[in-house]
Amino acid sequence: MSKEEKNAANADAAQSQQIRVALNSARLRTSYANVFQTRCTAEEIILCCGLSQPESLNTQDGGTENVLAVDLDRRIVMTPSSARRLLLALDSTLREHAARFSNNCPHA
Numbered sequence: 027m028s029k030e031e032k033n034a035a036n037a038d039a040a041q042s043q044q045i046r047v048a049l050n051s052a053r054l055r056t057s058y059a060n061v062f063q064t065r066c067t068a069e070e071i072i073l074c075c076g077l078s079q080p081e082s083l084n085t086q087d088g089g090t091e092n093v094l095a096v097d098l099d100r101r102i103v104m105t106p107s108s109a110r111r112l113l114l115a116l117d118s119t120l121r122e123h124a125a126r127f128s129n130n131c132p133h134a
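Per my numbering, the sequence shown starts with residue 27, numbered consecutively.
Calculated directly from the structure, the hints in this document are not laboratory data.
Glycine is no exception: its CB is placed at the ideal position from the N, C-alpha and C atoms.
Among the hints, erroneous ones may be present.
Stated by the list, open to error - Just the calculated beta-carbon pair ranges, DEER-fashion:
id : residue 1 : residue 2 : range
1  : 121       : 47        : 21 to 27 Å
2  : 66        : 99        : 41 to 47 Å
3  : 127       : 72        : 29 to 35 Å
4  : 75        : 50        : 37 to 43 Å
5  : 42        : 92        : 17 to 23 Å
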């Protein structure tokens with residue numbers, strides 16, 4: 027068996043093994059976000075999250091100006107394959123949400 031065939035056989039065996047995932051949420055923090063900004067490099071996908079709030083600011087001429095203040099306070103950096111898994115997980119969750127709550131949700 028050639029080296030390439032051995033590597034392919036090892037990869038197939040690794041894919042067929044089941045791995046138990048142990049989630050630890052002891053340090054999990056919750057924050058609300060309604061604004062998102064994405065960027066990418068060759069190796070990474072970057073998701074910035076934050077909160078927007080409308081504000082009225084005083085102008086120099088004595089008037090007021092309506093401004094949407096955005097505070098980006100979280101950055102998640104991931105590989106493209108992790109970003110694809112996130113995309114699939116969000117799509118699945120949104121489909122589940124629509125199926126369960128579409129009659130009760132005014133924003134669906």
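Here's how the hints hold up against the structure:
1. Distance hint check for residue 121 and residue 47: the Cβ-Cβ separation is about 22 Å, which falls inside the suggested range of 21 to 27 Å.
2. Distance hint check for residue 66 and residue 99: the Cβ-Cβ separation is about 20 Å, which falls outside the suggested range of 41 to 47 Å.
3. Between residue 127 and residue 72 the Cβ separation comes to about 30 Å, which falls inside the hinted range of 29 to 35 Å.
4. Between residue 75 and residue 50 the Cβ separation comes to about 22 Å, which falls outside the hinted range of 37 to 43 Å.
5. For residue 42 and residue 92, the hinted distance range of 17 to 23 Å is not satisfied, since their beta carbons lie about 58 Å from each other.
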